[in-house]
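Make the full structure from the sequences, and use the hints.
Quick note, the sequences are listed as chains A and B, same order. Every position in the first sequence, counted from 1, becomes a number in our numbering once 20 is added. Every position in the second sequence, counted from 1, becomes a number in our numbering once 20 is added.
The hints are all genuine.
Note: identical chains are not told apart, hence a pair may lie in one copy or across any two.
Restricting the straight-line Cα-Cα distance to at most 20 Å, the calculated cross-link-like pairs of lysine-lysine (PhoX-like) are:
no., residue 1, residue 2
1, K166, K540
2, K221, K319
3, K275, K188
4, K188, K221
5, K188, K214
6, K222, K243
7, K501, K418
8, K559, K319
9, K275, K185
10, K112, K127
11, K319, K222
12, K346, K309
13, K641, K158
14, K574, K532
15, K574, K275
16, K559, K214
17, K501, K158
Derived from the structure by calculation, the hints contain no laboratory data.
2 protein chains.
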Amino acid sequence: MCVICDVQVTMDDFELSCKGLYRALTIREKYMRLAYQRFPRTASQYLRDVEGETFKPEDQLQPVFTPPPKNGEDPFDTSSLPKNLGYVARMKDGLIYVYNDAAAADKHQPKDLPCPDYVTFIDDMNFLIALIAQGPTKTYTHRRLKFLMSKFNVHEMLNEMEEMKELKVNPHRDFYNCRKVDTHIHAAACMNQKHLLRFIKKSYRVDADRVVHNLKGKEVTMKELFESLNLHPYNLTVDSLDVHAGRQTFQRFDKFNAKYNPVGASELRDLYLKTENHINGEYFATIIKEVATDLEEAKYQYAEPRLSIYGCNPNEWTKLSGWFVKHRVFSPHLKWMIQVPRIYDIFKGRNFVPHFGKMLENIFLPVFQATIDPQSNPELSIFLNHVTGFDSVDDESKHSGHMFSTKSPKPEEWDIVKNPSYTYYIYYMYANIAVLNQLRRQRGMNTFMFRPHCGEAGAITHLLAAFMTADNISHGLNLKKSPVLQYLYFLAQIPIAMSPLSNNSLFLEYAKNPLLEFHKKGLVVSLSTDDPMQFHYTKEPLMEEYAIAAQVFKLSTCDMCEISRNSVLQSAMSNEEKSHFLGQDYLKEGPEGNDIRKTNVAQIRMAYRFETLCYELNLIKEGLKTG
Amino acid sequence: MCVICDVQVTMDDFELSCKGLYRALTIREKYMRLAYQRFPRTASQYLRDVEGETFKPEDQLQPVFTPPPKNGEDPFDTSSLPKNLGYVARMKDGLIYVYNDAAAADKHQPKDLPCPDYVTFIDDMNFLIALIAQGPTKTYTHRRLKFLMSKFNVHEMLNEMEEMKELKVNPHRDFYNCRKVDTHIHAAACMNQKHLLRFIKKSYRVDADRVVHNLKGKEVTMKELFESLNLHPYNLTVDSLDVHAGRQTFQRFDKFNAKYNPVGASELRDLYLKTENHINGEYFATIIKEVATDLEEAKYQYAEPRLSIYGCNPNEWTKLSGWFVKHRVFSPHLKWMIQVPRIYDIFKGRNFVPHFGKMLENIFLPVFQATIDPQSNPELSIFLNHVTGFDSVDDESKHSGHMFSTKSPKPEEWDIVKNPSYTYYIYYMYANIAVLNQLRRQRGMNTFMFRPHCGEAGAITHLLAAFMTADNISHGLNLKKSPVLQYLYFLAQIPIAMSPLSNNSLFLEYAKNPLLEFHKKGLVVSLSTDDPMQFHYTKEPLMEEYAIAAQVFKLSTCDMCEISRNSVLQSAMSNEEKSHFLGQDYLKEGPEGNDIRKTNVAQIRMAYRFETLCYELNLIKEGLKTG
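So this is what it looks like as structure tokens:
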């Protein structure tokens, strides 16, 4: 019986666990700092205490996002783009290096932009792999998590009425006018099924005779296109549209992906849900702007839609940013993210890319070049101002069979058809983003967060890789399966965008979703819709998501407002917006960082969360002292 | 092993069960016919077959409801009210009798309006009480229900894709534009919390200086009223409004009832949610008309709100109809019902009524009088045109301690403070409605359905009483507890308006709600909101109800459209409206009664339901032959 931590573990085991957890936290802290991503002050403070050092607030780095335009400012204005630095960027071993000039590049004398060392990374990863399998640490973290659960239940029984009292006397603010961000949503499915149906019908009424598509080399009008599909939009219904996930999609990600095709026709997906098509993505832009208008009218709702970059072609960025600027797809209620599908195997199978390194180069080199010389590609530079991060997407349940290690081929050598593992993808995306962010910070530009889909299915190592590299993640369901990682996500307060309605259609029944459990234990969870087109029924998908969670999990108003607050913290809202939505001290942790007038989260709740977190961190500190 | 019914019951037991179920159905058929309520053709046909008689379609009675006004017609027009019949109506032994004149009344020589005989009723009831406790019948019905469940699961596995195919080729119609009726909703809580909050704030901005209330004998303005409550509407939030049911209301109907008071202040309930107050219920009427406008804009949604008649005072009807006419609270999207709270004990405790008979008289006599001489009370007569039924409401979990029997005191003798039992209330409400409907049919007027709250909690006898008397019910959760009654509700296809979100806050967790089970077995279930003010979060409470059921229970489109269709059938929409919404053959049973172009319910589903019902009815017929 350990007197300090109140649990039945022997002292040796306790010390072992604390050492492991401490090192795990330092690993995350290192990789976060390298990439201008976030690591909580409180945890840093404890780590410095353990090391006998003093915590320096200036060591706390923050990502930087472009604030919304001030009165009269044009978000598409290219007149004040920074000048050309004249640097040269080149890829080597899957990483982009920046050189002073071509000569330096030829000699590989890169500029000093610290890059996460490949060998150290694998070393750190292997340490974490061992840690999450280590018996004593599993026991220790399992018990701590059980304790956190019970502790919250007690807190709730004792303080629920007091929390509610705080909220009742809080003027003006209630759940409805707390800011909430849809932290995980795909642009191609950000409208609901009814919206898409209405749009298709409307477009036909207006544009039936417009040339909209290239059918086997022949330009066809919308009327001809629909005739070739044996359809008339007038007869379409949400049933025939068939984009909603049903019971058939459960455990079938492949079937789910097919639902992106309206009426099962990829031609209609091309016409309505793509940025690149015969009409330059006009319809897709219009639909997104309609969604944005709905959010603006709802006033308190925001979304972070994902647009795809595939890495097939170096021109993708230019085309995407051209679409963005041409149709002025901007709204202060939307924060853009880039999703990169993990489908090298498909591209290689069709000979679109020679090796994995080329895919990485197509994804990152244009961004480095626009960062070095913004005026060389003004549209891309403007677009990048409004991009806030990268996502990594695909069916996680597909097993790659590859294990990332020092013996893995370098990206340029990866020329087999087989897909690299999740971890391999994650490392190379993270490493390039880290270097890119350093370069952009030097130039005073906005940075990018890495926010992969992670732990929706598949191996537990996905969550381990994200623990090392991601500012925050989407899904996280599989944290259920590893107490060590779950406890680490709690200690490091890593935000998790959860989508229980999406999970309900794909991987996990609603009532079994760990959202409530994670929330009670103090993990930082937010609610997101993932794909309103496939999952939601009402005109307000995010509110539907909150309402269902509130009903099924019997969330209190304080719970719901805490989750809303989490969503703003997790999001890529700019510092200006976060100050406005959460209060100017939002970067402080604990109750002093909360402005109840803005968030409607009770200070009793904030104090409980903070004390609980400090208690757990302190336990690790104490465990290390005994050694 | 019985070769006919495929279950392990001995022949004697099988025959016994079938005889009991047969008699139970004939009992319901008798009471339904007496009151112009519905009993399904198919079941009647089987009953006649058993009796060796021929089924006569003209024996099938239907309730009659006022159709919406034609173009230009005024729903409040009193110019063509029928003339006075000169009859006299008087109460005797809790029942209203109609006499040719006062002389006949004095001699108690009533007109021939067949009244459900009291002794026979109790006899029938006692038979049913014995039946639902009878071992063999319990075993038999339990097994049949289990079989129905498995059969539906097989149907689903075999035909789900075929059903969906039917729906996909069905043009124009999908779940969104299928008509759906909110079959159970209380007028005083028909707006959501946000709507009420907005209305209060708006009314204050406009009417702060208006005299709106009588505070301890002194007329006060709205400003003064709010000051006396130490409130300013500007600061109000949904939290301080405090009308939403939370975890605190679970299993606490008393706490739930208090939630009808905004900010806990009965003064505000008076001002905003009552028809009778210093401003003649103007605000309440305005709120309801706003809800109606929302429904009209949604186009495919309807609601059947309940307004209260307490029976304290014979003037209640005149006041309520005065409110209705004065504020022209009419919408084709609303069908009105009268709810009668079962709170005689409270009224008697405060000496508002001398005995239970007076309460019944206050409830029914004015309606009889307006039926006999419409011009004597034109406003009430107009209002009654738009009233479609009676509901009986209160906390069913309160036990009365009284058992309805031939020895029970007559209503006029019931002068103790104790409340009569649920069954006692139900019988007297039903009996008066039955006689009233006969009189109104004779005059060509619309009739009233009896649709009590039943089986939300409390004794199983509630559901038994409703089986005898009610056209359809709200809740029905406790059918879970009695296989015999559940099977009888299936055989007689008694519609059940279920409100799983309401149950979730009060009596039963969402995932445990029997809605899905009932639906699969073939009971006729619809979805309703009960109290959007207390339970719902979004602007479209009925859609929220459907969306959550669809998600949690993984309902298919066909399931959802079947439930929508059920809601229209259950509702008091007029014959004209039902023909328009469901197809002109809607009164026919089975697939021929379904118009998929209107309902979006697959004919495969309709055929499955009809064949399954006929199979079960046939089993009973066969069981009786063997005797």
